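Chains as they are written, first to last, in the numbering used here: chain A, 498 to 874; chain B, 498 to 874.
In short, the hints are calculated from the structure, not lab data. Certain hints may be false.
Where chains are identical, the list cannot tell them apart; a pair therefore holds if satisfied intra-copy or between any two copies.
PhoX-like mimics (lysine-lysine), calculated; alpha carbons at most 20 angstroms apart, straight line [to be verified]: (1) K743 x K760; (2) K525 x K795; (3) K534 x K544; (4) K706 x K795; (5) K741 x K729.
Keep in mind that this is a model prediction, so the values were computed, not measured.
What follows is the residue order along each chain.
2 protein chains.
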Amino acid sequence: MKEDLIKIRNEIDEIDSKIVELYEARMKMSERVAKYKIENQKAVLDKEREKIKLQKVGDLTTSEYTRNCIIDLYKQIMSMSRERQYQLLTENGKIEKPNFTAVEELDFSNSKIVFQGVSGAYTELAMKEYFGENCDNFHVNTWKEAMEALKNNEADYAVFPYENSSAGIVAENFDLLVEYDNFIVGEQIIKIEHSLLGQKGAKIENIKKIFSHPQAFMQCQKFVDKHKSINKISMKNTAMAAKKIKEDNDITQAAIASKSSAKIYDLDIIQESIQDNKENYTKFIIVTNKKIYNKSAKKISVCFEAPHESGSLYHMLSHIIYNNLNMDMIQSRPIKEKNWKYRFFVNFEGNLEDAAVINALVALKQDAVSFRILGNY
Amino acid sequence: MKEDLIKIRNEIDEIDSKIVELYEARMKMSERVAKYKIENQKAVLDKEREKIKLQKVGDLTTSEYTRNCIIDLYKQIMSMSRERQYQLLTENGKIEKPNFTAVEELDFSNSKIVFQGVSGAYTELAMKEYFGENCDNFHVNTWKEAMEALKNNEADYAVFPYENSSAGIVAENFDLLVEYDNFIVGEQIIKIEHSLLGQKGAKIENIKKIFSHPQAFMQCQKFVDKHKSINKISMKNTAMAAKKIKEDNDITQAAIASKSSAKIYDLDIIQESIQDNKENYTKFIIVTNKKIYNKSAKKISVCFEAPHESGSLYHMLSHIIYNNLNMDMIQSRPIKEKNWKYRFFVNFEGNLEDAAVINALVALKQDAVSFRILGNY
């Protein structure tokens, strides 16, 4: 029996070496097609031709089961051929690069920065870390207003929380990136340490209500679970929560916020570092209304809507993977006007100058229902 | 030139007919391997053998580029062969199915249902829609408490909001599905119509504060933007917001909640249907602590952590795609203990009886750092 298996496997090996040989010959043909397309300025993706091809190879099979397999394999094979054709187009300088302007360095002199929140907000800390302690800044009430400030040239840059390492993405800001024609040019990671703040002399036993941001409550889940009887009330911002309890001047109220908020609003720290994860970080993005990127940028953010066919997301991701680009984030958000349809946000490593990046972007754009480069930073 | 293209395409067609022929021969060999494995009780997935095979076919190629392509194609080809082997094993009654118990129908008689919130909550509406108007139920303050109630057998089923068609997933409940050993057995979609509720005779001009759930604010973004000067205060639940303003009996306070909440808490409807999207739906899941599924179940939810290598998510998704399973959702959530690492939640069509599903699940489990079936419903 064991011999049988060895014999079968040898036969499979033989078949495989023939398949590999044929595949390479096919890829060579595909390169000739690319050459023809370059000379005749034809589009790489010919949807009609691909449809006919799938029908043809399907008809060559002898069972329904292998028919499905072959059709699937050929979707993959044709996607690979397209990728190769894009590479050749790039080498021939025939590919259209994304219309972003490369800059040697971002210029922050005379820049006005906007952030959402009040003094003491984590976003303010991120801003000062990125732009310097004395940067020229103002704050607004909502993230949308910060986007508007960019749109109306009232601010040059805006800072938004993007993702927390334990609570996840700030979904609203992902949606706002789609809504506005603004672009990410940088990111700043800040270590988040939440404290429970209260009136002077307040003790945990006094507290009946805690004010904070919903994400801060999520990041302090264990603390919250331990104090079930205390009412949790959500605020737009942790610093606003601190400000509110200062104004209310009520010994039964506390806020979950940063230590620096305690200082700014002259509150006592009832308990320090109450977040679940001692290594708790939030990533902030720096956004502008100019289509620019730093020449040394290393990360690309895109968003797209995949066609509504089975496997389409998977095939779109193949454009990133086959170009050897390292994808480090994928998120999905509902498309408001289309029930249960999603827009995907993907981050991968690379610079808009790289051939592999251009290949991936062209292919993604071709396949997508809608597609946008959100930034290179 | 045109003739050139036709000639190249004819050559490609010839190559393709050979590839299809070889593929079918390979699949026949694969069936003989299955027969051997059935007779000798060997596992279908032999990771070591597959690794060697990928190395071998890769070495047969003549360029780095085709090497990557071939390795990718063979991952797919081997996955297809495995699927065929699982089919044959299933036909021979030799397959190890996931240890869920199939039931003809879910039994709700004498069942106790738990939900988070208060009377009038959308979750209560979903519960009544699913279990009937007179189902035996109780409510708790937090989603975590509802999960605990299942764990401690205080409730047979719990209802949780899972995803809204415009505001997105309810992230906390995704995390709770991982934290607890409970399982999804059903879902219920409810049309969400938010209204602005106030005291008897209240008008929009009177309102200075609006209470509601953060997701409801997101779903009523346009309304919220239009009334910027009104303070927005987040509550755990829209019905709780209605209850609160009733108790406060303050003409300047309003709540965004369901019409039924207006009835329950004897409030006036200041403005009807204020959500952005007139087609606004929330999907609720029905969860139990028993590892069961309905024989007619059509959807599978899984969650997994992909290995931390480039392209690993893409390759894991291939197990779903190559098995022709229609993936209709993918979400990622941070893993709390691991900074910037994600756990993926994927829903696809299928039943735990299907060979294709079993094939996909076995392969996913093998590749994942951690893997769980969250339910079949």
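Structure-based check of all given hints:
For the identical chains of this complex, K743 and K760 are intra-copy neighbours only, at 11 angstroms inside a copy versus 37 angstroms across copies, given an alpha-carbon limit of 20 angstroms. In this assembly of identical chains, K525 and K795 lie within 20 angstroms of each other by CA distance neither inside one copy nor across copies; the values are 31 angstroms within and 43 angstroms between. For a Cα distance limit of 20 angstroms, the shortest separation of K534 from K544 inside one copy, 15 angstroms, qualifies, whereas the shortest one across copies, 41 angstroms, does not. In the homo-oligomer, the alpha carbons of K706 and K795 never lie at most 20 angstroms apart, since the shortest distance is 44 angstroms inside one protomer and 45 angstroms across protomers.
Taking identical chains as interchangeable, the C-alpha atoms of K741 and K729 lie at most 20 angstroms apart whether they share a chain (14 angstroms) or sit on different chains (13 angstroms).
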